[in-house]
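Protein chains: 2
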Amino acid sequence: MKLRVQQAQLAAALQQVQKAVSTRSTLPILSGIHFAAGETGLRLLATDLEIGIETWIPSEQQEILDIEEPGSIVLSAKYISELVRKLPDPWVDLTVESNFSATLRSGSVEFTLHGQDPEEFPKLPQLPPAASLTLQSDVLKEAIRQTIVAVATEDTRPVLTGICLTFDAESLTLVATDSHRLATRTLFLEVPDSGERRQAVVPGKSMQELFRLLPDDDRLIDLVFADHQMLVHAPQTRFYSRLLEGQYPDTSKIIPTQFKTRLYINRSAFLGALDRAHLIARDTQNHVVRLQIVGDQVEISTSSQEIGRVSETLPAERLEGEPLSIAFNAKYMMDAARSVDGDQLVIDFTGSMSPMILRPADDLPYLHLVLPVRTV
Amino acid sequence: MKLRVQQAQLAAALQQVQKAVSTRSTLPILSGIHFAAGETGLRLLATDLEIGIETWIPSEQQEILDIEEPGSIVLSAKYISELVRKLPDPWVDLTVESNFSATLRSGSVEFTLHGQDPEEFPKLPQLPPAASLTLQSDVLKEAIRQTIVAVATEDTRPVLTGICLTFDAESLTLVATDSHRLATRTLFLEVPDSGERRQAVVPGKSMQELFRLLPDDDRLIDLVFADHQMLVHAPQTRFYSRLLEGQYPDTSKIIPTQFKTRLYINRSAFLGALDRAHLIARDTQNHVVRLQIVGDQVEISTSSQEIGRVSETLPAERLEGEPLSIAFNAKYMMDAARSVDGDQLVIDFTGSMSPMILRPADDLPYLHLVLPVRTV
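Line order of the protein sequences matches chains A and B.
Take any residue in the first sequence, note its place counting from 1, add 306, and you have its number in our numbering.
Take any residue in the second sequence, note its place counting from 1, add 306, and you have its number in our numbering.
No lab work stands behind these hints, which were simulated from the structure alone.
With a straight-line Cα cutoff of 30 Å, these simulated DSS-like cross-link-like pairs (lysine-lysine) come out:
| no. | chain 1 | residue 1 | chain 2 | residue 2 |
| --- | --- | --- | --- | --- |
| 1 | A | Lys637 | B | Lys325 |
| 2 | A | Lys392 | B | Lys637 |
| 3 | B | Lys637 | B | Lys325 |
| 4 | B | Lys384 | A | Lys637 |
With the rest of the complex left out, here is chain A:
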């Protein structure tokens, strides 16, 4: 293997795959990055067997990459990424000798790194062309951002540590819940698929990495599902994740369809008040804060015997239905208010012991449900 590549391009590609490198695997080769130079370009691959990221630099443009001799090698991620980032010259020459040893030259710098046998590196699975979805990258990213906050972080019920993706010919719905709150967003697909209704639960951590990896624009990406795996085809990148086993709970019935009180409130003012109340609430059990509707005002308050108390009054921008007093976890409510976009927030209440629904004021198919907390 012998090639010349732009330092900036190689550094960017290394950064892309970095997050899939295993940090504590018992398989030493997984702490490396697989390099393969072929006819189409230079392909980089890393995997910790939970997720895998593959990215490539195409050899179409000689001013970016020039492959003189194809080949492959596995190089320790820890050294190669930082090293390439710190090279002084805009060009890097990479040569691999037959003894799995790679030499990088850049300006007057010469680095020789001991590598590993590329044949021992696991390959990304080749999924049969089963259910597949096509959608815009930025739209999927928005949906991930809006739901991921409700994913369970404790794995008492492992299936809840994932985001449940339900899809049919026309739409994809994301649901996340940790059983105290729930977030759901529906997307309409760009290229309808003929497949029947299906479900896949993708680990929250994988979705976090996918979010980081996807471009912030409207380029199309494909999601391909097999029984235990998801593969995402994005521009110059492939992302792989295993799926979570187990039946995801049916959450459709816990979302109330009626309300007793509907509150329209300025989102940033509401977040500010919650943030201040949380200063005290965070050191109490369940982070309890109370919301009380008095006339056309909303009072946010909390108190703790040890610390003190706080109260604050905000104007309601519009109010429908009955007065109300309800207590909730301030952290969950802040997470919900943050994941709703726009200046105005709509909150539907169905009584002091029933779920609250937060939605954006415009008609986006997104909602965030928060359960109240029982107080003495």
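Assemble the complex: chain A is given as a structure, and chain B must be docked to it using the hints.
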């Protein structure tokens, strides 16, 4: 106590004293900040008994502070600082009731915090007007920055965890050493003092806090020393630190006054090469990197059986004396090269087993000594 103060001014004052708040003291009152409103203004004080920081907001300007009723209280630093920073209104009203309870009002927000008895809070020591030095704030900051990196972090010899300040009527010399390297800087005093030659060893951590606290301008500050304490008078701030006990070693004799090789080199190019070599060296014992002078070139190289090797050649900007090959700890050398200012660095060598001296190319009374590492 009853006063009205600008939120931004109070938040800034709280941030100033925050670093002296005890985080793990057995004395609960030290986790608080002492507030005292009097004729001259509002005074804030925090101490962990190692260091103390006092700052004040003068009541000269009514648009900043308006004291209606003097008084004092101790409030938990954890809550008051974050709370004041998050208040929505530019003004804060602070009222203290007789039961050590404080109420803050800002806009529609009302916070009540349980406080503690201000009489129980320790006071900053009143030092007798003994040895005192007057110098510019920014000059002292520069000297701290240039020496603090060589302070010992392990306390096998506790006195080396401090910076040694030696002063006479005209100058102040700072010395730090961890016995592998040494940094020293001499300052000339703005207001010569009549006192005899004296020495005080200030803990490195205290100097770090003092650095953070001092303004970046040429305003004058006073350093006052007593047997076991140092007190710094800065604009609207007083800083207190206890001193370290024990005799600081006499380091004047270990600094070579002659050289066999003198190298002038571009500082950022030298730092870049060390940084790249350090990628491999940091995972070896003593972080060993070798510098070799070949002709008018400088080669920086290192190797490790497990990882690989690196070598890089830099041009010397000027060279005097004999060729040389020497090995050193890359981290220490980088610390030294960073603490020397200017584009060009001068390094004096007195042989492969003798100390190296780094200095700026201009004639600043600063030098950084690094010991070589013996290699096989």
